[in-house]
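Enquirer: So the chains spell out like this:
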Amino acid sequence: MSTSLFISDEKAFMEPHNDIISTAMIVIGFVIFAAILSKTYLTYDDNSLSLENYRQAALIANDVVGYPAIQGSRQDLISAYALDSITMPAADREMHSDFFQRFSSNADFFVDVRTDDGSHAWIIDRYEASSHDGDIIAASVPVVIELGNNARCVPGTVTVRLRKNKWI
Amino acid sequence: MKIKLCLQKSTPRKYLFHFIADDRAWIDLLLSKVALIFVSIIILAALYHLAADAGRMNHDRQLDLIAQDFCSAINSAGKSSYETAGGNIYFFDAYNKYGNFGSGINASVSGEYVSVSFEENGRRYGSVKPLMYKTLPLSEDEVRGELMGAFSANGNISQPIPAFYGYTAVTEFLAALGTKEENLNTSMEVHIEKTLIYIHNLNGTEVKELEYILVHQ
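Protein sequence lines, in the order shown, are assigned to chains A and B.
Those letters in the first sequence? Residues 83 to 250, by our numbering.
Those letters in the second sequence? Residues 8 to 224, by our numbering.
FYI, nobody ran anything at the bench for these hints, they're computed from the structure.
Check each hint, because a few of them may be wrong.
Unchecked claim - Simulated crosslink set (BS3-like; lysine-lysine; CA at most 27 angstroms straight-line): (1) A/K246 with B/K187; (2) B/K86 with B/K215; (3) B/K86 with B/K40; (4) A/K121 with A/K246; (5) A/K93 with B/K21; (6) B/K86 with A/K246; (7) B/K86 with B/K187; (8) B/K40 with A/K93.
Let the hints inform the model, and build the full structure from the sequences given.
Expert: Below you can see the structure in the form of C-alpha cells.
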C-alpha cells in the first residue's frame with residue numbers, strides 16, 4: 083500500500099531531492115575512485131621500495147659470498163672456521179670489524195649462514211645487541227660450507243637480511 | 008492569506024502540515040542548488056589536485072629512477088673486488104633517458120647518500136638514496152693529499168699510515184671527509200672507482216686496508 087502511494091503521489095515532494103541523491107552518488111563514486119587510486123599507488127610504492135631493498139640485499143649477499151677472508155681452501159668454499167671467528171660474540175674482533183668496515187652505516191643488515199641440513203648456523207651482525215625484528219628484506223645465495231679440518235663440505239645458504247631503511 | 012492564517016494559529020503540528028502542504032518547494036530548490044554548487048566546486052578542486060599530484064608523482068618517480076640508477080652504479084663499484092675493479096664512468100644523460108628534465112637535473116653525492124633534484128616553476132622535486140658502501144666524494148689525488156696533510160702519509164701500499172695515529176682516528180677523519188656534499192655537473196661524466204687506504208697495525212709489521220669508493224668528476 084505504501085509503495086503504491088509513493089508511486090501515485092504526484093505532489094513531487096521528492097523532486098527537488100533527486101539532484102542531491104545523484105550528487106551524493108557522484109561524491110561517493112569519486113571518493114571510492116580516489117581511495118582505490120591512492121591504495122594502488124601506495125602498494126606500487128611499497129613494492130618498488132621492497133624491490134629496491136631486495137636488490138641491495140642481493141648485492142650484499144653476493145659480496146659476502148665472495149669476501150676473501152671467509153673463503154675456505156678453495157675460492158668457491160666458505161670456511162666454517164672463519165665464520166666461527168666473526169659470529170657474534172666475535173672471537174676475532176679485528177676480523178669482524180674488517181668484515182663490516184667497507185659497508186656504510188646505511189647498510190643495516192645481518193648475515194645468516196646455515197647448512198641445508200640445519201646442523202650448523204652462524205649469525206654475523208654488526209652489533210651484539212641488534213634487534214632482528216621489524217621490516218626485513220632478505221636475499222639468499224647457495225654456497226658450499228667447509229666444516230672443520232677434515233674438509234667435509236656441506237651445502238648451505240648465505241642469507242643477507244636487510245633492515246628497511248627508516249629515512250627513505 | 009490562508010498561509011498567514013495558519014501561521015498565526017500555528018502549533019508545531021500545523022506548522023509541519025503547512026510546510027509539507029506548501030508545494031512551491033522554493034526552499035528545497037534553493038538548498039539543493041546550493042548543495043550542488045558546493046559539491047561541484049569540491050569535486051572540481053579535488054580533480055584538479057589529483058591531476059596536479061599525478062604530474063608531481065610522475066616527476067618524483069622519474070627522479071627516483073635516476074637516483075636509483077646512480078646509486079646502483081656506485082654500489083656495484085663497491086661490490087667488485089679491488090683486483091678486478093677498474094674505474095667506472097657514469098653518464099647522467101646516457102641514451103637520453105632523462106629527456107623530460109633536459110639538463111636541469113641537480114645531483115650531489117656525499118659519504119652516505121646520493122641526491123637528485125629538479126626544479127620547475129619554483130617547485131623542487133627530489134630523490135635521495137642511501138649508499139651501501141663507504142664513499143668519499145673526492146678524487147684519488149684529493150684523498151691522498153688530505154691523508155698526507157693529516158697523517159704525514161698518503162695511505163698508499165708504499166706509504167701506509169703509521170700505527171700510532173690509530174685506526175679509529177683514520178676512519179673518523181675519512182668519515183668527516185664523507186660528510187661534505189659534492190655537487191655534480193650532470194652533463195659531465197662521473198668517475199666511480201674503488202680505492203684502498205693502508206694503515207700499519209699496532210705491531211707495525213702488517214698493514215690493514217680500508218676500502219672506499221671515490222666519486223668525482
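Enquirer: If a hint holds in the structure, say so; if it doesn't, say that too.
Expert: A quick look at each hint next to the structure:
no.	hint	in the structure
1	A/K246 with B/K187	25 angstroms, holds
2	B/K86 with B/K215	19 angstroms, holds
3	B/K86 with B/K40	66 angstroms, violated
4	A/K121 with A/K246	21 angstroms, holds
5	A/K93 with B/K21	19 angstroms, holds
6	B/K86 with A/K246	20 angstroms, holds
7	B/K86 with B/K187	23 angstroms, holds
8	B/K40 with A/K93	20 angstroms, holds
When held up to the earlier numbered hints, the structure conflicts with hint 3 and nothing else.
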